[in-house]
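**Student:** Model the placement of chain B on the given structure of chain A, informed by the hints.
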Amino acid sequence: MIGKKAGAKKRAGSKGRARKASAGKRVTGGKTGGGRTTGKKGGKKTAQRSAGRTLRRRAEARRTRLIGGLRWLARFVAVGAFALGLWLSSWVLDLDRLVVARFEGRRFAVPSKVYSAPLVVYPGMDWQRIDLSGWLLRLGYREQPEGGELAAGRFEWRPGELRVHLRAFDHPLRPEPARRLVLRLGEGVIQQVVDLQDYSAVDVVVLEPEPVSAFLGSNREQRDLVMLDQVPRHLVNAIYAVEDRRFERHHGVDVRRVVGALLANLRAGRIEQGGSTLTQQLVKNFFLTPERTLERKGREAVMALIVEARYGKEEILEAYLNEIYLGQRGSTAVHGVGEAARLYFGKSATDLSVAESALIAAIIQSPNGISPHRRPERATARRDLVLELMHEQGHIDDRELSRAVAEPLRVAAVSPESGEVRYFLDALSQQLPEVYDEAVLASEGLRIYSTLDPRMQRAAARALRAGLERVEGRVSDDVESRDRLQGCLLALRPQTGEVLALVGGRDYGASQFNRCTQARRQVGSVFKPFVYVAALDPTSGPAATLASQLEDAPLVVDTPAGTWSPENYDHSFRGVVSLREAIERSLNVPAARLAQHVGVDRIITMAHALGISSPLPRVPSLALGTAEVSPIEIARAYATLANGGRRPTPRTFVDVVEAGGMAHENRPLEGSVSVLDPATAYLAVSLLEGVVDRGTAARVRASGLTGPIAGKTGTTDEEYDLWFVGFTPELVAVVWLGYDEPRSIGRPSSYGALPIWTDFMKEVVGSRVRGAFRRPAGIEEVEIDPLSGARALRGCPQHRRELFVRGTAPVETCPPGAAVRDRDRRPGFFRRTLKGLFGR
Amino acid sequence: MNGGASTGGSGRRSGRALVALACVVVLHCSLIVMLAGCGMTGRGHRYGGAESMRLSEVVGQGDPARRASTRLVAQGLEADAAGAAEQAQGGYERAIQVDPTNPYAYLALARHRLDASDSGGAIELLDQAAALFETEGLAGPRVSAHLIGLRGRALHSAGRGQDGVLYLERARELAPVVWRDGYLSAEELR
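Line by line, the protein sequences give chains A and B. Numbering-wise, the first sequence is residues 1 to 840 according to this note's numbering. Numbering-wise, the second sequence is residues 841 to 1030 according to this note's numbering.
In isolation and in its complexed conformation, chain A is listed as follows (with noise of 0.2 Å):
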């Protein structure tokens, strides 16, 4: 247009001075007749002629000069545009290509996702135990107080029975269907399980996975990606009735609405009402600051404009539908509807509602300032409206209106994330391969199905948090130093090596350093039995029985530093132990004594092969724990004892599924490793039992735990480190208690670490542990004199029943020189007899 006008105006010029050149000329014509037909007259007349030549020269020279300037003017003009052209299309195509860019790449970053085992149900089972309902409400269950027929996602108490609508788990490999299920209940246990499809006894029932963390990127965000097809259509229908009801009309930008919300907020004198379409919102979130600033505001029209001229509706819309921000989760941002509709309502988007659409449609407006959880009476206002508009642009009619208008605001319990779980996640990352990387786990929306038990974990944040508050508060009033007590609680399942629960620290916002995993403390007495287990193997020829007798007295080792001499915790001596008492009072001076004659090599090749892999230092003080390890390597190496002798590896996942749906990376359970003869690891346990039934570790029995439970207290010098690692054939814990900068706590591990083990074991297992340590093949049962520990036969004044690895039971007798008979040495008539039937 500059172009064509500038041209027009050149013409014009062109004609104009072709006109007065013939002008000019008729002009001098005439004063050259003038000349020849005047005198003096004339001559006056000559003279006012040059002075109107004059004059017209001047104003013909200004005119020249003007146009001239209008010439340069109109030159500059079109060059100013050319180049104003030039930066307006370098401008749009650089913000084309941003939006390209985004649009064609990866256009959301979705944290991953971490889900916990999943809880099995089953007849027999303590439904109070495992929190059922609180399981259900976790997972976006909830209850239908009003009975009738239970939807997808629904339970319903009644007296007696549990009635559930299970929704189906998705899972590539492992899914479950939907199912209605009744869950008769009596005596404290579930007594039955009946399919309402139909009225089929069911014998377990697999409820899907608790969601339990994810890893977000450096903005926090959480998001679950939704396809619009999985979107029921009142949710886009309630999207577009409050917030751009033209958007399948307009290009990007809604001049209508802009022109209205212009008025309106001229009327008011305040910025009332915005006029952004979905496809400017979308552009502002995905590109923009939030600043109102013109300029911005010219990016965002012209940004939407080229997104609707590149993108189709549907493209556009699915991206908002996804990108919009809707609330908050603790301190993590809740994107996207489909996120938001297990936020406030517990499910998939597919479900909601028409009421639960419009009031996700509500909150667009200011999702903190209308939030369902804060603000509910707000929240359900503006949902109404929403339904009035939904009403008004016909998009339900009056009876889905007054049905939606009357239905509660029923949002789902909020169970923010705590942050001890964060531990666990880290460990788990370690464990994952390499290529899930930060950056891949906080962006690709993988799930990642862990072994964590969620009952335990919480069990264990609980136990932990108020075991460190109870030995804080007796042993120091400054509870508000920074360096305050930590602890640490790791439980896995002594056959698989699954880590059930991890709490690494007391906090995980004030410290991320996982005291479970990355710390290596002074272990103290609970490598105890690590030493007792070299003695007792009797692969390299057994160092020591059951029966075997220690000496506590003063004992001075030489070393290359120097004497060592170690002492008791009471700083007396006994004079001669045996061998159970020596552990289950956790002597010093006995196990040091017994460890300089199995040899600190030998400790430490069996240390390693139980599954210690700390290095251990060569050094005679390595009997009594001085070696530093982390509560991992301990569970570990304990676990392999619980596990008849065979090493399990730990592990934190099951398996790793990408955002479509297939199985990416598979860690199948592994089998564990025998490492120890099995009947000398039943030693080990039976050894660690007696220290729970009569020894340092009593103190679980007195809480009121009944079955087979065996363990271990560990002290170190000064009490700078408690601990205790507790077993049952099922499960093995360790706690773990300290200062980071290693200073003395007050108060034994008896009084610190196990009443937080005690706590832990008694929420998740109950007062009475499940099974039984049982005894393997290649182990005998004699009777000793338990003063001389010599084989006792008849005569012999005290007789007690003690384990031996067969053929390591004594060869002296009580009395001394008797004859061992036959039916000493021999079981009896009738258990050889049984033996021979039935092999036991």
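It is worth saying that the hints were derived from the structure and are not from the lab. Just so we're clear, the structure is a prediction, and the values are computed from it rather than from any experiment. We treat Cβ as the ideally placed atom computed from N, Cα and C, and that holds for glycine. Please note: incorrect hints may appear among the correct ones.
[Claimed, not checked] Covered, in the sense of this in silico footprint (three residues per stretch, anywhere, with C-beta under 8 Å from a C-beta of chain B), are these stretches of chain A: (1) 62-76; (2) 492-502; (3) 578-592; (4) 656-670; (5) 773-780.
**Tutor:** Then chain B, alone, in the frame of chain A:
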């Protein structure tokens, strides 16, 4: 339990011997009847006068956790038999979650791993199963046939063919019907 410290006269001794004799007679008769009964049931696979173990025999035994766990193993075997290998694996792993001391779960998982050509993993699981069968008091030739046969297969696929053959031969001796083809299917274990 030995009761080795008792004393008494010759009369008491002969009395005890008579009682013992009577008990032995009763026990032996019971055993003969029991074995004969087993032979007539027609369940399982006969070998050497007894049968190879099938999981269906033990479903329903034990405490609630063991029953649920064994039921999950059975579901896993059904899935395996139907060709749903991943689902089967999930079933076995959940069975172990419910009762980590259930030897049948490890046995079935070991069989499953062998089908997936993971002989190393299978051997570890067989070891775990064997240890648990032993400590649970469930060991015996009926179980051993499977443990030995599966170990033979595992060794064979791990490249230890000769050892594998020896184990498989032993399994065939113990359970000729099941192990004649050198393979234990999910259906045969179910």
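**Student:** Could you tell me which of the numbered hints above are not met by this structure, giving the numbers in increasing order?
**Tutor:** 1, 3
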